[in-house]
Every structure is written in structure tokens, then in C-alpha cells.
Amino acid sequence: MLTSGEKIYEFAEQLFPICRSITGEGVRETLSRIRTHLPNLKLHEVPSGTKCFDWIIPLEWNIRDAWIIDPQGRKIVDFQVSNLHVVGYSTPIDAEVDLAELDRHLYSLPEQPNATPYVTSYYKERWGFCLPHEQRLALRPGRYRVRIDSDLKAGSLTYGELILPGHSNKEVFLSTYICHPSLANNELSGPCVTTFLAQWLAGLKDRRYTYRIIFIPETIGSITYLSLHAEALKERVVAGFNINCVGDERVYSFLPSRAETTFSDRVAQHVLHQLHPGYLKYDFLDRGGDERQYCSPGIDLPIVSIMRSKFGCYPEYHTSLDDLNLITPEGLFGAYLVHIKCLQCIESDFRPRITVYCEPQLGKRGLYPTLSGKESANAVKIIGDLIAYSDGRRSLLEIADRIRQPMWELVPIAEKLCAEGLMLRE
Amino acid sequence: MLTSGEKIYEFAEQLFPICRSITGEGVRETLSRIRTHLPNLKLHEVPSGTKCFDWIIPLEWNIRDAWIIDPQGRKIVDFQVSNLHVVGYSTPIDAEVDLAELDRHLYSLPEQPNATPYVTSYYKERWGFCLPHEQRLALRPGRYRVRIDSDLKAGSLTYGELILPGHSNKEVFLSTYICHPSLANNELSGPCVTTFLAQWLAGLKDRRYTYRIIFIPETIGSITYLSLHAEALKERVVAGFNINCVGDERVYSFLPSRAETTFSDRVAQHVLHQLHPGYLKYDFLDRGGDERQYCSPGIDLPIVSIMRSKFGCYPEYHTSLDDLNLITPEGLFGAYLVHIKCLQCIESDFRPRITVYCEPQLGKRGLYPTLSGKESANAVKIIGDLIAYSDGRRSLLEIADRIRQPMWELVPIAEKLCAEGLMLRE
Amino acid sequence: MLTSGEKIYEFAEQLFPICRSITGEGVRETLSRIRTHLPNLKLHEVPSGTKCFDWIIPLEWNIRDAWIIDPQGRKIVDFQVSNLHVVGYSTPIDAEVDLAELDRHLYSLPEQPNATPYVTSYYKERWGFCLPHEQRLALRPGRYRVRIDSDLKAGSLTYGELILPGHSNKEVFLSTYICHPSLANNELSGPCVTTFLAQWLAGLKDRRYTYRIIFIPETIGSITYLSLHAEALKERVVAGFNINCVGDERVYSFLPSRAETTFSDRVAQHVLHQLHPGYLKYDFLDRGGDERQYCSPGIDLPIVSIMRSKFGCYPEYHTSLDDLNLITPEGLFGAYLVHIKCLQCIESDFRPRITVYCEPQLGKRGLYPTLSGKESANAVKIIGDLIAYSDGRRSLLEIADRIRQPMWELVPIAEKLCAEGLMLRE
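Chains as they are written, first to last, in my numbering: chain A, 3 to 428; chain B, 3 to 428; chain C, 3 to 428.
Excised from the complex, chain A in its bound form (with noise of 0.2 Å):
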């Protein structure tokens, strides 16, 4: 069932030209794209101007076509080669302007001259192009011709939603961002990731939590889903993640809930303590993505994030060399991995009690393996180990890290206590 790291980057592959941003075309082609591995999803539009919380849902922006052309007639910026190269929300211009005019509306890096920078302005209205340093620096005084044909008038903002329902309604909660143009880590990697994620959920014949997942443009996405959803998902969500930043193959960073210790925050870190103890922790004042939202006063959702190169902590981040080449079919699929790990942890925990007083016989039950030597000294030493801590306070997952096990070995044994009557879930 499990998906391959290369379906994942051909995914990634397929969605990267198209032009997104927090609300308009691009955000719907993307999802519909999504909805071929996802048929269940449910795409939502909530009009321009309504009201969430404290902001209210903008303009919907679409663009066209976008160029500069320069006094020598030749076309120097071209929206067709990289959607990068416009302000993302550039309102619509069509005109001729000298070169120190035309600089005003300029965006480019001095310390990485051959990179184009993301640049986007959501919340005021101007026009502008994106472009290298090393570029702009050898522009010619004269006259140019700027041409963006957009516009940003009334319509929605869209998000996708899958539901799905397990024996409980307690549920687990995915959120991932629709919202970026032509960038790969930071944010292909989480949507292409995420619907890899649900489909491996969506195959499983028995869920325990409910599923909420959740494709949406970062921020204003998230209030805008919190503002509908609020107290169910207080009410409901045991342990979430937001999934971004997930497809180069450096070393993998968590970053905490504000609570620090919520289930999702011992999962996480348990998962990556015994797959890749060399990950790095960051702080929550190193947040920046959605979980400013989801961890917010009042909201407190368990939601973490897991990552491999953390935004902000990579040189290509929210430049044109965040692309292609920077995102593998290995840094995707261990990313995926690591995810599934979590949600299995989740899955299978709870807290065992063993029913006999004094350490259970467990020879006569076949229970020690048959044949002695290293190996199994270790299995007969993990059994005892969680049987000692199986006292009915303790989750396994807690009992995992208190033995320093992968959760994962202590299930199959639990299950097998539980089968003999040695052991119940409480």
C-alpha cells in the first residue's frame, strides 16, 4: 500500500508550473489535480469579505500574463518562464516608464544575485516584478514597456477538505498550504506529501481517530477554516501536524506545539528520537507557519510541525533555486515515512495494565523465544520492560520512551499480552 518516493516527486513535477496564491485559479486547478488521487476531497469557496476572526477574506487574484520589455524591444522578464517573477497580488499595469520608475517596482537579492526572490502583497495593493540581482543591476537607462495583466476583484477563497470517518470521532487533523507558485520545499513538498498521506489512510481497513485533512493557502487559510471550525476541532483533534517543508533530504527539524507536551509533541519526537536522533529541535518562537493559528490562545490545537530543511533555515528558501532540484524523490518519501510512523503511533497507543501481580510466567505461555543468545536476550528484556511499566498510568508510547524502545516493537508484544489475558487497555 505503501506509495513510492517517486510518485511523489512526479506529482510535485505536475503541480509545479502552475501559478498559485491564496486565493484564484491556480489554488483550484491545483486542488483538482489533488482530487484525481484524493476523489473524495470537498473543495470550499467562502466569498471575498467575509468575515473571519479579526481579518477578512481579500480579493480573489488572477493573472494572465505578465512582462517587461526593454528600450531595446527584447523581453527581459517573463511571467510565462517563472510566475516568480511578479509580486504575488501585482495589480493589473500597462505602461511605458523610465528606468528609475520602473527600479521602484524591483525586487531582487544582493546576496544572492542569480536568484529570483518570492515576494508577495497581499494586504496592499501595488505592482511589481521579481528578478536576479545580477540582472537588474545591468539595466540601461531609457524607456519600458511593463505590461501585468491580472486582476483582483470579488470572488473566494478556496480550500479543500477530506473527511475521514473512524470508529472514533475524536479525530487527527493534516494541514498542508496550496498557496505557493513555482517553489518546491517550501511548498510543494507538504501538498504532494500530504495527499500521498491520505491516500495511505483512505486505503487503511480500519481507522481508529477520524481524519480531517485539510488544503489550504497559509494564514489567512487557516483563520479562515478556524473561524468555521473552531470548537469541533477543540473538541475533537487529539494530535495534528502541518505538514510543510518536507521534500530535501537534509537533516530533519520539529518544530513544537506552544504547549510543548501535547500528544503530538511526544509522538513526533519520540518517531524522530529513533529514526533520526540527529534532528533538530526548534523553539515555538521559531514558528511562522499555520501553527500561529492553531496554537493560538483560546485555539490550542496539539498541532506540530515535522520538516526537513525548516523555512527560513535553508539559503534557496523563498527564492527560484527552491525547485526541483532541490526536492528528491528520497527527501519526499522519508518525510512521508516519518509522518506514517506518527500517525501509527497514534493509532495503536494506549495504556496498558497487566492483570497478574509478580512478573506473569511467560514460559509456559510461549512467550520466550525458543532460542537463547543476544538477540533474544533483548526480546525477553523488552517484554519485561514493559511489562514492568504496564500499570494502567502509563501510555505505551510513554512506557516506549521510558524504556527507550520504538513504539512500535512494544505493539506486537501488547498484543499478544492482551490476547493471553496477561494485559488490558485501559
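Only true hints are included.
Any copy will do: because identical chains look the same in the list, a pair fits if it lies in one copy or spans two.
Cross-link-like lysine to aspartate or glutamate pairs, in silico, EDC-like; alpha carbons within 16 Å at most:
(1) 383 with 288
(2) 383 with 285
(3) 366 with 127
(4) 53 with 361
(5) 366 with 56
(6) 126 with 153
(7) 383 with 403
(8) 283 with 267
(9) 155 with 127
No wet-lab data here; the hints were simulated from the structure. This one's a predicted model, so the numbers in the text were calculated from it and none came from an experiment.
Following the hints, position chains B and C against chain A.
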């Protein structure tokens, strides 16, 4: 309104020559000089023999003159030159003694041969002289004339008390010593700095808390004061400082309360960490002053000490070397400022609660800096972090520690947010 | 009243040759020798087949002789030389076998070629011999005569129990093993030290707590005892020690209870920290003895172990090298003393509360040392620190840890203060 270090230092120079002890005219003279700066200071007299918990107010001690005349008729030790030459609370003597007898009444420091030690004998009657060890070694056999013109009779223990009313009857408590003769860091620095802190507090147009400021002799003074006011103090005091050893320019020192985590402990450490991160943190086991009484079982006031060179921990301590050369305007002023910062933190602390779900839209309220750049990014970060933790459970002080910012940076932001209706004071 | 290390060692020499196992005459013989020191020791017999929680008392095993005779007619392995040569609980055999067949019943240690291992097979019937690996390698093909004159039949499990009543029916529990044959550190040291600890306790004129001291076979013995007495133990036991591996002179070891912070844990670590600060602190995951039963979920007794070289952690463990050369009078006596210190701490602990506000005037009560100097200053400091923390919330043990003094320094001071009416026992 801030005083200068020079003014504090000049006041120390003025008080230095007065011969203070735990009772007597030197205390009254000192308090009357303090009253020139604090006209509302009230002097209280508690008669000798009064029972105070397990203690009894001793007889009052006064001294007019004292000297030793050597066999050659030279006045070799003279109270008029330094009041440290006489053991505090010495009984009167007027006699001719040989060197052997005299030597039984001499006190000196072999390890610091040119310093005169500070010695007292409050609760056992004796007489004695203090002198440099090198002078003592040079004494030749012969008949010496010794004279101490003192008296020890029923009188009273004198202390000063200033109450500065605030909006609340909850109190902040400041206590300092007025029992040391000509000694500078320990202790004229305490009453001098406290005098100007009280003056600053008296000049505040708005006080949230009531301030109780006392000038007392060490140990017997605090026991006496507590025997009169313990219940009121236990009910009202939210924070307090035992102000002593605040005059030299060496490293700051912190002595916690017995409880270790009171409001005073947290405020003092926050301020020291922000302003003087290299400060020395002592243990309550290193105590030695009136924290012994204020933090005793059943009293348990939240009293801490912020010092420069801590009593018992600098070479000049309790010797004639602890003189006006050891303390400086800068040293006194630094300690004065640290205490003012603490009092400001106490006055301005509250539990903020954000009134909207999710992050508020700061842009539309002009709470985003208009100029961008590193500094403004930092300012935005502080606002965001303050809001993120304003959950009604943490105080501003706790938030400041959590987000690693000085509390005084948060106060004006919190006020702006309250004014915008985005924040409530819980 | 203190015994000497020589007496403990001589007792170990006397018990060493007896062939003990988890049942049988060796156990009875051992207990009858212990009874010469502890006349009130009661012997209990629990019949084979009795159900004890998840376990069943096995058949009783006795052995009279055993040997291997080689093809040349030489007795090459002889139970009379060392009882370690026979696998514990070996079924009887009397046969002639060739080398290949014999070899399937031999146990040796390739890594320690001159040591005979200690091997048992309590719950699976088999026969076997243990011998040095170098001897095994030298065996030549041919017919061997093997004989084990043992029997395995319904009988009983034997254990000893001594109850020493105290003023309180709350109990201190000591448990030790009597199931190891000729092995010295693990385990004759345990019952030998425990015998003399019990003798010391029996000689105390005043016992605050009731002492329950048991001499049992490991695992099945503690499970049996708990099956009979768990409810009483759970209600009454305030502290306890599983005494084993207390005979050599190497570093002290500490094994905590599962709960990690019981009274026993705190006492043991206080004593070790004060007397042997270099001790090794193990984790409960390193357990292996009867703490597995005493600390199991639902039993949860406050039982810890203070050892010298811990089981499983020294090269001679479970081999013929763990002999009377490994343990010494000094080693045994050191462990004996550490346990006595622990028992004294347990007996003398209480929650002191000072009866006066502020520091009491110690001078007038003669509680200040009359001679001054460094040592007396330290004594004054200890009195002051004890008083400062005698707030009725902390026990003497907790205060001792807080003020970094051995608890036994505080006990006589606390008694003096109680006698003066300055301190109450809460």
C-alpha cells in the same frame, strides 16, 4: 526625577563619620539626616526590655570617647579617628593596665595586618579595642591607660518607617540597615540607596502598590519590626528587597528568598539577567542578613537581596578597608537603577489575555512598523510572541522570560494592545 | 553492639560449601545455621504445586552426589569438589555415554576458560554438568560414565521469616536470597550481612518501626511470599531493601525502585552520597532480582538495593570465580554499615517545625558553641540551616539533602531543640 550617583555618594560621605550601633544616638542622628530627604519618615522607639518573639530589646548603648595611651604618653588608638577602634557595645572602662591585660581586650586581623576589624558584642558585656595587627605587634611592655566613655542603660531601639500609599493596599517592602558605624559598602550603601529609591517612589504620580520602607538595625531590628507587624506583612506584601551591600562597582550578586520562586525572586533574576547577565547567584544557604528573619518559617515573606559585592564575600568586608574609597557614585547608581527596574516591573506586571482568536491583523491597526528592516522585523517578532503567549495564564514577567525579552520592552506594546481592545488585563 | 566484618566473613565461610537451590535440604540447612544467630527466625514450608499468582511452586530438588568418569577411569568432574559442577535442578542420570552425547550436557565459558559457570534449569527438566572450558576442550573421544544422584519430587519451598515488633505497626522490610550454591558475592553476602543486620536490630532497645526480614529463594520465593502477604506489605511497608551482592570491596552500586522517589530511594541515596559519593547509580531498567516482583504494578513496594559490585556487572558473576576470595571482611562490613546508616535514618526521620517566629536566641540557651573558630562556626551554621528549613513541610532527611549535611548530624541537634521546646515533631 532620577537622582545621580554623586548625590547618593555625597549622602554616604555625610553619614559615614556617625558612630551607629543597634541602638543609640548615632541611629537617631542617621535617621534625622535621612528625614531631610524623606520628610514623611516616622521614627519609632521601642523600649529596652521589650520582648520580641524569642528576643528582648537590649539596653541602649552610647559612647562619647575612647582611647589607649601608651607608656610614653602617646594616644595610640583613638575613637575620634575611627569609631571602628572600639568594640561595639563596649562597657565603660577607665583604668591603667599592663600589656598582657590590655592584649586580652584587643582585636586585630593577622591576615590583614593593616586593617582595623569591625567587632561587636551586643549580647555579652565586655570592652575592647580594635586595631591593625601590625600596630598591635609593635606594642611594648609597660603600663597603658585605657578609657572608654560609654554607657549601657535602659533606653530604646530606634527605627524609621515610611509608608507611601498606592491604589492597592498590597505592599512592596524595602528594608535596610542603619546599625553599622563607619563602614561603606556594608553598610552605608543600603540606607543611602534606599533613601533615594524612596524619594523616587514618593515622586511617582501614580503608585499601584503601597510601599513600606524601613530603616532598622540588623537582626534585632527586623525581629522587633516583625513582632509588631508580621500579620500585616504576611497578608499584604507581594514583593520586597532587603537592600544592603550596594555600593561598590564589582559584580552583581543575588540572594534568593527561602522559597526561591516568589515574585521577588523572579523579578530580580529577570532584571539581573537582562541588565547584568554575569551576576552571581547565591543559595539561600549563603544568607546572613535580615532574610534570615523575613524568610523564617511561618513568616515567609517574599524578600530577596540584589547586591554588588555580597557581605562576607569581599576582602574589605567588616574591616576599616570597607571605606568611602570602596564605594563609588557609579557603584551606588548602578544598584539604584537595578532596584528601580525591579520596582517598575512589579508595578507594571499583569496577566494579559488576547481578545481575538488567531493572530490579530496588526497591519490595519498601524501596529506594524512602517519602515522595514532588521530592527522592525525584531519589533514585529516581539509583538507576535507577546500575543502568542497572552493566554491569560502567564504574567508579562513570565512571558518576558519565555520569549527572552526584557519585560520593559513588552509593557508599552501591551498597553497599545489594551488600548486597541485586543488585550485584556486579567 | 556492632558486629565486625570478620564475624560476617566467618559466617559466609561456614555457609559456603552447602549446596543450595530454590528448594531442598541445602536451604533448610542454611536457614538452621542462620537461626543460631537469630533464634526467633521462623521457617515456613510451602508445598510443591501451590499456586502463587501466575506461578506454581515446583518440585523439591535434592542431590547427594554427581560425577563424570573418563574413559581412563578418572573422576574428572566431581560434585564433592564443587556443587557448581552440576546444573541446578538436574534430573538423575546414571549412564555410559560417548563424548558427543556427553558434550550436549556440558556448559562452559569460552571467554573465561578456567571458570566453571553457574547454570540452573528450574522450569525445564534436563541434566547437565558445568566445567572450565579448557577442561572441556581437552576431553578425548571415548565412553564416559555419568552419574547424578538427585531427585525431584513433591516437597516444599522453604523460607525464613523474622518479625521484630516496633512501636508502630508500619514496617521496614528486608529481603535476601538463600538459593545460591557455592557463590560468594552473589550470593552469600546478602544473607550473611542480613543476618547480622537483623541481630543488630534485635538488640535495639527501642524500635520505632516493626521489621520484617525474610530469607527466601530468588524470584519464586518473593512471588510466594507476596502471594501470602501482599496486602499486609502494601499497607504497612514504609521502606525496604533487597539485600544482595554486598561482599566485595569495589564501588557501591544503587538500584532504585520502579517509582524512583520513595522513602527508600531517598534514604539510600542520601547515605551513599554522604558516605560513598562515587557510587554508581543504576536505572530500574538494570534490575534483575526480586525488585522485579516487589516493584511490579499493583505491588509497588518501596524496595531498593544498595550493592557493592552489582549482579551482572562484574567478571566473576555467576562463575566459580565468585568465591571466598572475592568477598572480604571489609567489603561485607562496609555494606553492613551503609545499611545500618539507612535504618538509622529511617528510624530517626520526622518533620520538624520550629515553634517561634524568627530565629530563636540560641545564645541564652547555651546552644551556641562556647569556643569560637571554624569548626564551631560550621556547627552554628548547621543549627541555623536546620531551623531555617524546619517549617513542618520538610522531613529531616529532606532538610539534610537541602542543606547538604549528613542527616545524622541533624538528629542530635533536632533532639536538643525539641527538648528546649523550640521544635515540634509533626
